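J.: Sequence:
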Amino acid sequence: MRGISRTNPLAAAGALGMAAAAVPRARSLLAASAADAVLGAGGYVAAPVGLAAAMLRIPLVLTEADSHLGLANRALAPFARRVCLSFPIAGREGGRYRVTGRPIAPVPRDRAAARDSFGLGSEEQCVLVFGGSLGARSINHAAVEAFADRSFRVLHVCGSRDHADLASRELREGYELIELLPPARFAEALIAADLVVARAGGSVFEIAASGDPAILVPYPHAAADHQEGNAEWMARGGAAVVIPDGELDAARLAAEADALLGDRERLAAMAAASRALARPDAARDVAGELLAAVGG
1 MRGISRTNPL AAAGALGMAA AAVPRARSLL AASAADAVLG AGGYVAAPVG
51 LAAAMLRIPL VLTEADSHLG LANRALAPFA RRVCLSFPIA GREGGRYRVT
101 GRPIAPVPRD RAAARDSFGL GSEEQCVLVF GGSLGARSIN HAAVEAFADR
151 SFRVLHVCGS RDHADLASRE LREGYELIEL LPPARFAEAL IAADLVVARA
201 GGSVFEIAAS GDPAILVPYP HAAADHQEGN AEWMARGGAA VVIPDGELDA
251 ARLAAEADAL LGDRERLAAM AAASRALARP DAARDVAGEL LAAVGG
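Under the working numbering, think of the first position of the sequence shown as 1, with each following residue one higher.
Everything labelled a hint here was simulated from the structure, so no lab data went into it.
These numbers come from a predicted model, not from an experiment.
Glycine included, each C-beta is placed from N, C-alpha and C at the ideal position.
Hints are supplied without guarantee of correctness; some may be wrong.
Restraint-style ranges between C-beta atoms, simulated for each label pair [said to hold, decoys possible]:
hint, residue 1, residue 2, range
1, 110, 35, 33 to 41 Å
2, 259, 45, 38 to 46 Å
3, 292, 174, 46 to 54 Å
Full structure from sequences and hints, please.
T.: Structural data, given as structure tokens:
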């Protein structure tokens with residue numbers, strides 16, 4: 001359910017108690033280091049340091065990775081010089097709020113070299129499937145079945161949890177099952193692909209920066225349904241088709257992929273829309289806000 005915490009109340013109370021106890025220690029560390037500014041990236045671990053910064057009148061800049069403002073950032077926002085948002089958030093416009101996008105690693109630009117490194121022909125279509133380091137079980141199983149008899153290439157980064165099970169299956173030629181890819185290699189896979197099938201976490205910014213059309217299946221248990229919000233942002237921008245996790249099966253995934261790959265004009269339009277959503281200067285902009293806070 002949207003907005004309902006799934007955290008155990010006793011565990012939550014314990015975490016709040018630990019966070020409160022951490023404030024004096026954080027204050028001591030900031031004073032000892034003579035910090036000029038503090039950058040908070042959200043999450044409960046940022047709250048004590050951010051609060052200590054406010055108590056010491058050290059400039060505080062916050063970043064929010066998701067499509068809603070998390071609890072720690074909501075609490076700290078009144079004390080911040082700037083809150084850098086990854087997505088536009090209703091009611092958080094102007095003033096101390098600025099949409100910078102989410103900082104990501106630089107994206108490779110040589111698509112031809114990336115495709116060559118995966119053995120992809122110039123006219124060969126490629127679908128990249130992924131779901132995080134553990135993988136996404138619903139996507140993993142749907143993709144293996146959906147793309148079992150297709151002619152396009154598949155790069156399926158399945159994660160560690162399901163790899164042994166999926167690797168025991170007989171996969172067709174052209175269906176490459178990969179447990180994990182190092183970051184640089186994953187970035188190459190993104191720009192090599194013609195279509196991405198994925199969850200809708202922070203990777204939506206990597207997808208956009210790579211100019212990829214996407215089929216997104218938001219994780220249904222993400223905090224405050226933020227993956228649903230991320231996916232809707234991509235879909236509104238014309239860069240993605242969204243399949244709710246509860247509606248995902250092999251037939252639905254195959255039909256959506258076939259429709260996109262069979263319409264090169266639509267695929268190109270989605271790729272352009274994806275690039276238009278990208279924020280390639282996000283890291284520089286956040287750094288600029290931090291330096292401005294120091295100078296101000």
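J.: If a hint holds in the structure, say so; if it does not, say that too.
T.: Cross-check of the supplied hints:
no. : hint                   : result
1   : 110 to 35: 33 to 41 Å  : 40 Å, holds
2   : 259 to 45: 38 to 46 Å  : 43 Å, holds
3   : 292 to 174: 46 to 54 Å : 51 Å, holds
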